[in-house]
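J.: Chain residues, written in single-letter form:
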Amino acid sequence: MQTRASRIQAALDAAFPGSRIEIEDDSHRHAGHAGAQPGGETHYSVLMVSPAFAGMGRLARSRAVHAALAAEFEGGMHALALRLLAPEEAGPKG
Amino acid sequence: MTNPVFERIETDINANPVVLFMKGTPVFPQCGFSARVVQILSHIGVPFKGVNVLEDMEIREGIKAYANWPTIPQLYVKGEFVGGCDIIMEMFQAGELQSMLKEKGIPVSAEA
Ligand SMILES: N[C@@H](CCC(=O)N[C@@H](CS)C(=O)NCC(=O)O)C(=O)O
Numbered sequence: 001m002q003t004r005a006s007r008i009q010a011a012l013d014a015a016f017p018g019s020r021i022e023i024e025d026d027s028h029r030h031a032g033h034a035g036a037q038p039g040g041e042t043h044y045s046v047l048m049v050s051p052a053f054a055g056m057g058r059l060a061r062s063r064a065v066h067a068a069l070a071a072e073f074e075g076g077m078h079a080l081a082l083r084l085l086a087p088e089e090a091g092p093k094g
Numbered sequence: 001m002t003n004p005v006f007e008r009i010e011t012d013i014n015a016n017p018v019v020l021f022m023k024g025t026p027v028f029p030q031c032g033f034s035a036r037v038v039q040i041l042s043h044i045g046v047p048f049k050g051v052n053v054l055e056d057m058e059i060r061e062g063i064k065a066y067a068n069w070p071t072i073p074q075l076y077v078k079g080e081f082v083g084g085c086d087i088i089m090e091m092f093q094a095g096e097l098q099s100m101l102k103e104k105g106i107p108v109s110a111e112a
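Chains B and Z, in that order, give the protein sequences. Numbering-wise, the UniProt record's numbering puts 55 at position 55 of the first sequence, and it's gapless, one number per residue. Numbering-wise, the UniProt record's numbering puts 109 at position 109 of the second sequence, and it's gapless, one number per residue.
What the hints contain is simulated information worked out from the structure, not anything from laboratory work. Note that beta-carbon positions come from the ideal geometry of N, C-alpha and C, so glycine has one too. One or more of the hints may lead you astray.
Chain Z stretches covered by chain B per the calculated footprint, using a threshold of three residues with CB under 8 Å from any CB of chain B [as the list claims (entries may be wrong)]:
#, stretch
1, 11-21
2, 28-42
3, 64-78
Turn these sequences into a full structure, and let the hints guide you.
T.: Right, dumping it as structure tokens:
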């Protein structure tokens, strides 16, 4: 079965082509906390560097990512930390 | 369309210049994301009202629909949604949180 991290990756790849996307599953660090599930897959951090974010405000960037991941929020994803950058904000590694 | 939960939310955000919908209380936050926003607001000396969504499931779900934002914490300034933990943190680090608050007439103590 596909992991949630790979579904997140696929959904973001489709919604934001040409982006650098790094996904971390932090669920193990929250085991036993509120919102954690026995199978994990609840807490994620995403770093994205995308040309789509150029000229977009912070709220709009997050909302676009939330929209792309709506199915995961509905399906039990509990927490999502986001760092969303346009290429020129990401420095030389961008 | 009047939604009674939205009315309660609006009463809070209109009566208080800075409101943080959070998990736990400002003194005892029960989530790392909420704790970080409390820490930033305290650091820049901004008084705020904390609303503990863990005590009220209606508000916990209602505030997500109200802002069209799927997570807690949520910070409101002068009735307007500003962001969650990630956004508040980025704005604070860029100095934008402080300037936005000042622009809205809310005194900020520390120049960070
Ligand atoms: N990226 C978010 C992180 C916050 C987050 O993921 N919150 C989660 C866990 S505390 C949440 O509210 N989940 C829905 C819920 O608990 O009802 C932010 O910047 O505020």
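J.: Determine for every hint whether it applies to the structure shown.
T.: Verification of the supplied hints:
| no. | hint | in the structure |
| --- | --- | --- |
| 1 | 11-21 | violated (count 0) |
| 2 | 28-42 | holds (count 3) |
| 3 | 64-78 | holds (count 4) |
The structure is inconsistent with hint 1 alone, although it conforms to all the rest.
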